[in-house]
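*Asks:* Chains as they are written, first to last, in full-length UniProt numbering: chain C, 1 to 246; chain D, 1 to 266; chain P, 1 to 365.
Quick caveat, the hints were computed from the structure, so don't treat them as lab data. Note that the Cβ used here is the ideal one computed from N, Cα and C, for glycine as well. Warning: the hint list may mix true and false statements.
Claimed, not checked - Example chain C residues on the side facing chain P (calculated, C-beta under 8 Å, incomplete):
hint : residue
1    : Gly38
2    : Gln57
3    : Arg86
4    : Pro118
5    : Ile148
6    : Ser150
7    : Tyr155
8    : Glu202
What the hints assert, rightly or not - Pairwise CB distance ranges, derived in the manner of DEER restraints:
hint : chain 1 : residue 1 : chain 2 : residue 2 : range
9    : D       : Pro106    : P       : Thr295    : 48 to 56 Å
10   : C       : Glu226    : D       : Val92     : 38 to 46 Å
11   : P       : Ser89     : C       : Glu109    : 25 to 33 Å
12   : C       : Glu109    : P       : Gly70     : 18 to 26 Å
13   : C       : Lys92     : P       : Glu322    : 45 to 53 Å
14   : D       : Thr225    : P       : Val8      : 48 to 56 Å
15   : C       : Arg209    : D       : Lys102    : 56 to 64 Å
16   : C       : Pro206    : D       : Asp89     : 41 to 49 Å
Said to hold, decoys possible - Here are the simulated lysine-lysine pairs, BS3-like style, with alpha carbons at most 25 Å apart:
hint : chain 1 : residue 1 : chain 2 : residue 2
17   : C       : Lys80     : D       : Lys185
18   : C       : Lys88     : D       : Lys102
19   : D       : Lys121    : C       : Lys88
20   : D       : Lys8      : P       : Lys125
21   : D       : Lys8      : P       : Lys9
22   : D       : Lys65     : C       : Lys92
23   : D       : Lys125    : C       : Lys80
24   : D       : Lys158    : D       : Lys125
25   : D       : Lys185    : P       : Lys151
26   : C       : Lys242    : P       : Lys358
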Amino acid sequence: MSRFELYSPEGLRLDGRRWNELRRFECSINTHAHASDGSSYLEQGNNKIVTLVKGPQEPILRSQLDATKASLNITVNITKFSKMERSKSSHKNERRVLEMQTALVRTFEKNVMLHLYPRTLIDIEIHVLQQDGGILGSLINSITLALIDSGIAMYDYVSAISIGLYDTTPLLDVNTLEENAMSTVTLGVIGKSEKLSLLSVEDKIPLDRLESVLAIGIAGAHRVRELMDNELRKHAAHRVAKSSAK
Amino acid sequence: MSLSVAEKSYLYDSLSAFPAIRPDGRKPYQFRPIEISTDFLPNSNGSSRIIASDGSECIVSVKSKVIDHTIDNDDLIKVEVDIAGQRDDSAVVESINSLLSKVLKPNADTLDTSKLQLTKKYSFKLYVDVLVLSSYSNPISLISFAIYSALSTTTLPKLVSGFDDLEVEELPTFHDYDLVNLELKSPLVFLLALVGDNLLIDPASNEYEVANNGLIVTWCNGKVTGPIRTISLNNFYSKGFDASLLGKGIKLVEEHANDVLQALES
Amino acid sequence: MSEVISVVKRRGGFQYPSIVDETNDIDTSDEDIEMEDVEKPAGDKKTDAAEGEIVTPGELVTDDPIWMRGHGTYFLDNMTYSSVAGTISRVNRLLSVIPLRGRYSPETGDHVIGRITEVGNKRWKVDIDGKQNAVLMLGSVNLPGGILRRKSESDELQMRSFLKEGDLLNAEVQSLFQDGSASLHTRSLKYGKLRNGLFLQVPSSLIIRSKNHTHNLPGNVTVLLGVNGYIWLRKTSQMDQARDLPPGGSTGGYPSNSGPTGAKSLNPSSNMSITRLEEESSWQIYSDENDPTITNSIRQTISRYANVIRALAYCEIGITQERIVSAYEASMAYPNIGSLIERDVMESIGNDVINGEKMRGNGGN
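With the hints as constraints, model all of the structure from the sequences given.
*Replies:* Given below as structure tokens:
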């Protein structure tokens with residue numbers, strides 16, 4: 001694929017977006033009320049992710065018991081059918097997935113008020129049904145939603161987004177094709193602030209461009225936070241209306 | 001789930017009464033309501049998601065690949081199960097995997113895979129991936145319903161090249177966007193719990209705990225086929241059963257399977 | 001629709017019925033992020049959230065330091081923020097946010113139902129569906145031989161013969177530990193091992209705390225509504241009846257007022273005495289044997305009650321004795337108990353209950 005097609009001179013990307021446009025973002029919470037304490041379903045572009053939060057609950061293993069705070073466990077299951085081409089091997093013990101799990105735990109350890117739930121385990125289970133780029137960011141968004149649904153106390157939203165750098169132009173919310181063709185940055189932003197809880201740069205990126213990449217990234221993450229907040233409030237209003245009617 | 005002795009004996013007495021009194025009042029042949037979505041994974045040729053009223057849920061994806069069946073002699077349908085929270089080599093996963101591959105074994109009578117043949121040389125091979133998100137009892141029945149729904153909505157690219165490619169060497173080529181429905185009807189699997197002299201379809205998790213035995217019956221195209229198996233549902237009440245119950249179980253499935261099929265198709 | 005199975009089908013989507021509503025038309029395909037957005041100041045809203053208002057994590061609830069900060073809030077630089085998604089509650093000077101969902105948190109005095117998960121050193125671990133297991137100390141139960149007896153070493157050795165893994169019991173939350181977990185007691189005859197019935201579970205938010213959580217229902221069935229959402233349905237025992245009818249010769253009023261014993265005796269006509277009580281707290285209270293006289297019709301009634309309680313839970317209606325009875329009556333329109341598990345039937349029963357309350361003018365709870 002030629003670089004020309006990734007970003008046309010008219011300023012259009014492969015899927016017709018402009019540089020600063022998000023993909024379709026749809027989410028719902030409380031989708032698996034029977035199977036979990038908190039759950040979410042997120043579609044960000046063609047990423048489709050189911051997240052289940054179980055807990056805080058009695059730890060299964062003694063090693064998970066911490067007398068001062070809750071233990072946080074995150075498992076990411078990338079299904080074999082999640083990509084266009086079915087993968088032959090399981091992703092379960094892939095280095096990339098293990099790294100992602102560690103990055104996610106680090107991000108949420110600081111944001112969830114784990115000290116309120118000593119001697120318990122919070123278990124987060126994520127199933128990626130379909131992926132199309134920027135997966136780490138989508139995982140963070142889906143975990144934020146499911147945690148809020150579970151009623152577990154946290155300081156603020158964490159919203160995340162991936163940005164690619166095409167020559168000198170940052171491209172917001174990259175898909176797989178863009179992700180494979182250019183350097184990308186994933187960042188997680190706390191609430192409405194400009195504080196980053198996660199920054200992941202996996203390839204080379206010119207330092208002098210980083211600032212503009214971060215600026216559009218933070219703006220994009222804020223928009224994602226807003227979309228999640230809208231959905232949450234809608235859900236909450238629905239629930240409150242339902243319970244006050246009775 | 002571990003139940004107390006008193007709970008178990010209450011359940012056992014209720015379920016072995018005549019007629020059986022199930023804890024949720026169901027008839028012996030009655031399933032719990034289910035919800036099915038299909039066609040939600042654009043990257044797959046077919047997909048389905050099924051949720052039972054107790055929150056058990058499984059997701060099925062069907063993907064296809066063109067293979068040269070003169071070289072690759074494997075079955076044209078390959079099924080793999082992943083159960084959340086279970087290792088791939090755990091006994092539960094392996095037993096369900098082996099049972100399902102027998103259920104989906106191509107067979108001219110029940111599962112006719114000749115539809116998958118493209119040309120004299122090439123065929124579609126289907127990869128059926130099952131993800132069990134949550135289950136409170138043996139998910140085999142639910143999985144078979146999900147596979148049925150996924151396969152019956154599976155679409156494959158339309159072949160535009162010729163059928164006979166042994167003489168003229170060519171790779172199959174496909175229409176740019178036209179798809180054809182596969183219309184493959186896979187077998188349905190029924191799980192029955194045996195309690196005393198009673199047979200109960202779709203046992204709930206508390207019914208599991210007191211069943212003397214379990215019976216797996218496969219049904220396809222209007223008749224009961226293999227595999228038929230017994231399965232122990234718990235460690236406490238398990239014991240042998242009267243052979244006549246096997247006949248009764250098969251009859252129960254024969255009588256009601258068509259209703260299930262129609263409900264899945266409607 | 002078939003009697004064998006009911007299937008709801010959706011095609012072309014992975015949607016959730018509760019979410020698919022009228023307001024779902026925000027067009028997000030054209031999200032345009034302008035760089036100027038970054039400059040927009042955050043937190044430019046009013047400073048005091050009103051009672052019942054919906055807030056989400058990180059939202060400023062008040063900048064007035066006069067409020068005491070309760071659950072669901074945190075304090076940073078003289079500002080109080082919400083840490084959960086829920087509604088604002090103000091009680092006197094206490095400001096808290098009540099989350100929309102969450103696990104059961106025990107409070108002292110709660111009547112709960114639990115399941116033994118572990119037998120330990122002088123204590124049982126009890127699953128009450130909270131964040132942590134509750135603890136039941138050996139010293140907090142009645143032991144065979146009367147409540148006034150001292151606990152001995154042999155009791156410690158035979159704890160499993162009183163209560164073992166899997167056993168269900170009802171108990172009262174006696175106190176809370178520092179970390180919020182509960183300590184239970186069963187030192188009353190109305191608490192203890194559960195027999196003669198069926199267990200079911202509903203979200204704990206649907207059980208409203210009240211003075212009495214044990215109710216005798218029409219059809220010779222008694223329901224125990226654990227505040228933690230665990231529910232036990234059983235054949236009404238003589239003891240259950242005794243609770244409702246003041247026994248002859250007693251001063252009347254509620255039996256549970258007249259001592260630490262709760263229920264009075266197995267036989268309402270007999271006079272209560274401390275010796276009688278000691279006889280009652282014999283090995284029998286830890287028996288695993290069910291009453292052999294539970295008839296099939298009582299079993300069916302219990303199944304029907306279980307289904308109508310599930311229907312109330314499905315409709316997210318708070319579960320009370322009145323509503324269970326009213327739902328039970330409404331369910332009589334369906335002679336086949338098994339049909340009560342269908343969604344449309346559950347909804348219709350829920351509607352009947354709510355409409356019935358509106359008609360009697362005691363709706364709006």
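*Asks:* Would you mind marking each hint as holding or not holding in the structure?
*Replies:* Now the hints, each set against the structure:
| no. | hint | in the structure |
| --- | --- | --- |
| 1 | Gly38 | holds (7 Å) |
| 2 | Gln57 | holds (7 Å) |
| 3 | Arg86 | violated (19 Å) |
| 4 | Pro118 | holds (5 Å) |
| 5 | Ile148 | holds (5 Å) |
| 6 | Ser150 | holds (7 Å) |
| 7 | Tyr155 | holds (6 Å) |
| 8 | Glu202 | violated (23 Å) |
| 9 | D:Pro106 <-> P:Thr295: 48 to 56 Å | holds (53 Å) |
| 10 | C:Glu226 <-> D:Val92: 38 to 46 Å | holds (43 Å) |
| 11 | P:Ser89 <-> C:Glu109: 25 to 33 Å | holds (29 Å) |
| 12 | C:Glu109 <-> P:Gly70: 18 to 26 Å | holds (25 Å) |
| 13 | C:Lys92 <-> P:Glu322: 45 to 53 Å | holds (51 Å) |
| 14 | D:Thr225 <-> P:Val8: 48 to 56 Å | violated (28 Å) |
| 15 | C:Arg209 <-> D:Lys102: 56 to 64 Å | holds (57 Å) |
| 16 | C:Pro206 <-> D:Asp89: 41 to 49 Å | holds (46 Å) |
| 17 | C:Lys80 <-> D:Lys185 | holds (24 Å) |
| 18 | C:Lys88 <-> D:Lys102 | holds (21 Å) |
| 19 | D:Lys121 <-> C:Lys88 | holds (23 Å) |
| 20 | D:Lys8 <-> P:Lys125 | holds (21 Å) |
| 21 | D:Lys8 <-> P:Lys9 | violated (35 Å) |
| 22 | D:Lys65 <-> C:Lys92 | holds (23 Å) |
| 23 | D:Lys125 <-> C:Lys80 | holds (16 Å) |
| 24 | D:Lys158 <-> D:Lys125 | holds (15 Å) |
| 25 | D:Lys185 <-> P:Lys151 | violated (67 Å) |
| 26 | C:Lys242 <-> P:Lys358 | holds (15 Å) |
Violation of the numbered hints given earlier is confined to hints 3, 8, 14, 21 and 25; the remaining hints are satisfied by the structure.
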